[in-house]
Amino acid sequence: MRLPNLRRCGAMIVKEFIQMRRDRLTFAMMIGVPIMQLIMFGFAINTDPKHLPTALHSADHSVFSRSLVQALENSGYFRITREVDDPKQLDWLLAIGEVQFAVTIPAGFGRDLQRGDHPLLLIEADATDPAATSNAIGALGQLNRTALNHDLTGPLAALKDPPPAFELRIHRRYNPEGITQYNIVPGLMGVILTMTGVMMTALAVTRERERGTMENLLAMPVKPGEVMLGKILPYIAVGYVQVLVVLLAARFLFGVPMIGSLWLLSGSVLLFIAANLAVGFTFSTIAMNQLQAMQMSFFFFLPSILLSGYMFPFRGMPDWAQAIGSVLPVTHFLRIVRGILLKGNGVHEVLPDLWPIALFLVLVTVIALKRYRQTLD
Amino acid sequence: MTAAAPLAIDVHGLNKSFAGRPVVQEFAIQVRRGQIYGFLGPNGSGKTTTIRMLCGLLTPDSGGGTCLGLDIRSDGAAIKRQVGYMTQKFSYYEDLSIRENLEFVARVYELRNWRGLVDQALERLGLTKRSRQLAGTLSGGWKQRLALAACILHEPKLLLLDEPTAGVDPKARRDFWDRIHELAAEGMTVLVSTHYMDEAERCHEIAYIAYGHLLTRGTVAEVIGRSGLFTWTATGEGVGPLARRLSGQPGIDMVAQFGTTLHISGTDRAALEGAVAAARAGTGFAWAETEPTLEDVFIHLMGQSKDNF
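As they're listed, the protein sequences go chains X and H. Residue 221 in the working numbering sits at position 179 of the first sequence, with consecutive numbering throughout. Residue 510 in the working numbering sits at position 287 of the second sequence, with consecutive numbering throughout.
These are calculated hints, taken from the structure and not from any lab test. Quick caveat, the model's predicted, so the values are computed rather than measured. Some clues are possibly wrong.
Derived lysine to any residue pairs resembling SDA-like cross-links, with alpha carbons at most 20 Å apart [as the list claims (entries may be wrong)]:
(1) H:Lys-366 <-> X:Met-330
(2) X:Lys-265 <-> H:Lys-366
(3) X:Lys-265 <-> H:Arg-296
(4) X:Lys-265 <-> H:Arg-330
(5) X:Lys-265 <-> H:Glu-333
(6) X:Lys-265 <-> H:Leu-293
(7) X:Lys-265 <-> H:Ala-301
(8) H:Lys-366 <-> X:Glu-252
(9) H:Lys-312 <-> X:Arg-253
(10) H:Lys-312 <-> X:Met-256
(11) H:Lys-366 <-> X:Arg-253
(12) H:Lys-312 <-> X:Arg-187
(13) H:Lys-312 <-> X:Glu-252
(14) X:Lys-265 <-> H:Asp-294
(15) X:Lys-265 <-> H:Thr-282
(16) X:Lys-265 <-> H:Gln-305
(17) H:Lys-366 <-> X:Asp-171
Using the sequences and the accompanying hints, generate a full structural model.
Take a look at the structure:
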């Protein structure tokens with residue numbers, strides 16, 4: 043195939059930009075969608091919920107019980123919202139979902155503890171949504187060892203846990219405080235570029251067919267590669283504007299750290315946008331009308347958001363799902379963007395995720411150009 | 224125009240079917256350079272498909288030939304540069320202004336001095352002042368003018384017009400045809416499909432196709448002469464009832480009413496005269512034998528050809 047002619051390409055690009063500018067609603071969507079998603083995902087989603095409502099039934103009024111309750115609240119995960127006298131009420135509160143946890147301190151807890159009888163403390167969780175409770179439950183692990191350290195003095199010191207045989211040290215690297223936004227906001231870049239990129243190009247080409255202008259375009263001396271470039275380049279520019287919006291919000295709204303090179307990020311973004319636009323272009327060669335193009339875009343979008351590791355941990359998925367996820371460019375892009383921003387990854391670390399996107403781009407472009415009919419046959 | 228003028232279009236044996244349904248069958252046509260060639264036929268007769276094959280938008284299933292001396296099968300790209308194709312439906316960008324549309328076309332054809340050419344085209348159209356208006360807001364007649372201006376911007380040697388005047392008022396149609404004759408006089412070859420008989424009569428030569436078959440071709444006089452059709456007219460107030468009485472009579476193939484005049488046609492001259500003689504007695508209408516009109520001929524041809532769908 044001969045190289046695309048720059049002047050014909052230029053004509054396509056200028057036309058595409060004019061049409062984009064005239065189509066106010068689409069234009070608003072290109073900028074509006076990222077902002078809406080930033081607000082919704084950025085501000086609303088928290089995968090590490092704290093201050094969960096907790097009901098307490100305490101039949102014991104010793105200093106130890108008070109210390110325990112204090113320790114629960116200090117962990118940050120529990121907030122005592124109800125204190126009940128009848129333990130049956132705990133079931134009710136859990137059942138209607140008014141509280142996430144129910145804590146039962148049995149009668150004689152302090153006394154039994156002092157005696158060394160190892161009394162039982164019951165914490166019931168509404169674990170229907172594992173994500174809502176798992177971190178709080180995790181925090182309980184330390185509780186029985188540390189909560190009463192201040193109270194177990196003098197003769198009671200023997201009840202303290204002996205020091206463990208080895209010391210465990212955990213470093214939560216890259217995001218020590220576990221701030222959800224640090225993960226979600228950079229990831230949004232991939233989601234936004236996938237959603238708008240695929241759909242915009244799919245619609246832009248299908249529109250030509252639907253309005254009958256494709257017949258005219260085919261009768262003119264523009265080649266498929268030129269049409270494709272002309273359709274894709276304007277949307278790459280749009281993609282960069284979206285990236286800029288997300289980066290500015292990440293920096294100034296959510297305080298996401300940006301350790302790595304933004305140049306490297308820009309380069310990866312280019313490849314990623316191109317891959318999405320090529321998908322959109324391919325869809326447009328299959329779709330008969332704009333509605334179908336839209337539907338196909340959603341078919342692509344769904345696995346992109348669910349199987350890429352954006353919403354749910356990639357490693358938590360079964361092998362087949364991981365395999366599908368690994369084909370999608372957004373999966374690799376998420377790793378790249380999170381790696382560059384949070385971990386400060388360089389070219390070397392990014393490369394293993396860059397080449398799958400490049401390969402995807404090449405394959406899809408070949409399909410698109412093969413499928414793009416230069417005639418009306 | 225002489226018979227020795229080189230052929231702009233020379234195709235033969237063209238076949239095209241869609242989903243197993245033949246749309247164009249064994250089609251052949253020769254058009255000399257500088258000619259205005261009319262392309263007539265009922266809806267769905269394969270006119271658009273044939274035009275699309277000529278400009279490389281469709282590949283014929285079999286058959287071939289040349290367009291401007293270039294092979295229609297292999298030289299599609301080269302043909303596209305020298306052919307202007309005006310589609311049946313307005314196919315420029317409605318969300319682009321008049322000027323932007325012309326500029327786009329000029330740049331796609333890589334025309335030198337495209338700004339100047341666009342200015343000229345706008346001036347010629349008389350649209351210089353409205354050049355910023357969106358094409359979608361133009362009326363049918365203006366859209367058609369814009370489309371014509373756009374498809375001759377690159378000065379094609381051959382112009383293919385697919386029902387260019389459908390839905391355009393008579394004045395705009397006349398202006399349009401005047402322009403077509405100007406272009407032909409400058410040496411452009413024009414192939415135009417139409418349903419209008421008055422437009423067919425403005426063509427140097429015509430071809431009539433129905434249901435994928437070429438039925439007749441030649442100048443208007445030749446087509447009428449070759450039709451083997453004979454026509455009588457009856458003129459007067461109240462010819463309507465007569466029309467109903469005559470149609471279906473032996474010797475009469477076709478009766479058509481034009482205002483107060485009836486056209487009574489048949490292929491057997493003697494039988495027609497016999498039927499007319501029997502009918503005219505005592506009617507008080509003015510009777511005369513005339514040349515059949517082009518429309519008579521076409522309706523007759525249409526009635527003869529079998530719909531293959």
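Index of numbered hints that the structure contradicts, given in increasing order:
1, 2, 12 and 17
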